[in-house]
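The task is simple: from the sequences and hints, build the whole structure.
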Amino acid sequence: MRIYRHFEQARSSCIATIGNYDGIHLGHQSLINHVISESRAKNLESAVITFEPHPKEFFQPKAAPKRVISLREKLEFFHSHKLDRAYVIRFDENFSNLEGNDFIEILKNKLLVEGLVVGDDFRFGKKRQFGINELKQFGIQVTQPGTIFLNDERISSSRVRDALQDADFHQVESLLGRPYVIAGRVIHGEKKARLLGYPTANVHMFHKSPPLTGVFAVKLDSFFGVANLGLKPTFGGVKNLVLEVHLFDFDKNIYGKHVHVTFFKKIRDEKKFSTTNELSYQIASDVNDVKLFFKL
1 MRIYRHFEQA RSSCIATIGN YDGIHLGHQS LINHVISESR AKNLESAVIT
51 FEPHPKEFFQ PKAAPKRVIS LREKLEFFHS HKLDRAYVIR FDENFSNLEG
101 NDFIEILKNK LLVEGLVVGD DFRFGKKRQF GINELKQFGI QVTQPGTIFL
151 NDERISSSRV RDALQDADFH QVESLLGRPY VIAGRVIHGE KKARLLGYPT
201 ANVHMFHKSP PLTGVFAVKL DSFFGVANLG LKPTFGGVKN LVLEVHLFDF
251 DKNIYGKHVH VTFFKKIRDE KKFSTTNELS YQIASDVNDV KLFFKL
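For the sequence shown, UniProt numbering begins at 1 and goes up steadily by one.
No lab work stands behind these hints: they were computed from the structure. Keep in mind that a hint or two might mislead.
Said to hold, decoys possible - Mimicking EDC-like on lysine to aspartate or glutamate, the simulated pairs with C-alpha atoms at most 16 Å apart in a straight line are: (1) K126 to D168; (2) K232 to D168; (3) K127 to D84; (4) K56 to E8; (5) K239 to E270; (6) K266 to D251; (7) K126 to E105; (8) K265 to D168; (9) K110 to E8; (10) K108 to E8; (11) K232 to D269; (12) K66 to E76; (13) K82 to E38; (14) K136 to E105.
Here it is as structure tokens:
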């Protein structure tokens, strides 16, 4: 998959989809699957156009919703589904003021888009002035696979976000079609947990504000463990969320490794302890609860 950070002149025509794709839930996957099947049927390339940052982060940075997945995780998903092109377009003031006509010209003459696969509520251009009708008027074929529902309610990123905040991982998996995962690289931390007898893998996340916090039963790749996703209040607190995973019966060196942490159950909320001894006792209880959950 070729990744572009701007609208580079294409050499061949494509079928494309456009969206933020936060979470890549089952509704998103329906659009992507239609792009792939349609492009292959017509012997064209497949493409996805997405934005960084999320438009809501640009317009309302303090009120923007927490991201379900990072940009890197989105690109990994697109790559795994064998899309040919991914355009990651910087959403800034210039782009937000782009007129609908100008955007259509980019799609037709620069990206050589022959067809678009989009959701029912797709709008584009300055102040979302254009929609499906305008695309068709300019000769772009539009496919709308239709909204995907779960329990008679539309699947959306906000539903996934709400389920994560409630730690309802069964619901999250139903909406995503897969378990919830945070990916990152294992880095050196302060090693304070090691002094308590519970060494952790400090996972540097590719996004700083996932919509959940607390202590969880997880798997880091294929290894069982207990994770704390929070602000470390017992040790003075930190500005950004930190993901630390204590793995059971584990003594490998994984510093620098790119790992995937899968979440299965929330054990408790994060809290501040008066002493490190209290924290140590609580971690022992957390470890026991997680082992019982996994039947280890």
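So, going through the hints one by one against the coordinates:
no.	hint	result
1	K126 to D168	violated, 37 Å
2	K232 to D168	violated, 23 Å
3	K127 to D84	violated, 30 Å
4	K56 to E8	violated, 25 Å
5	K239 to E270	holds, 15 Å
6	K266 to D251	violated, 25 Å
7	K126 to E105	holds, 14 Å
8	K265 to D168	holds, 8 Å
9	K110 to E8	holds, 7 Å
10	K108 to E8	holds, 12 Å
11	K232 to D269	holds, 12 Å
12	K66 to E76	violated, 20 Å
13	K82 to E38	holds, 14 Å
14	K136 to E105	holds, 13 Å
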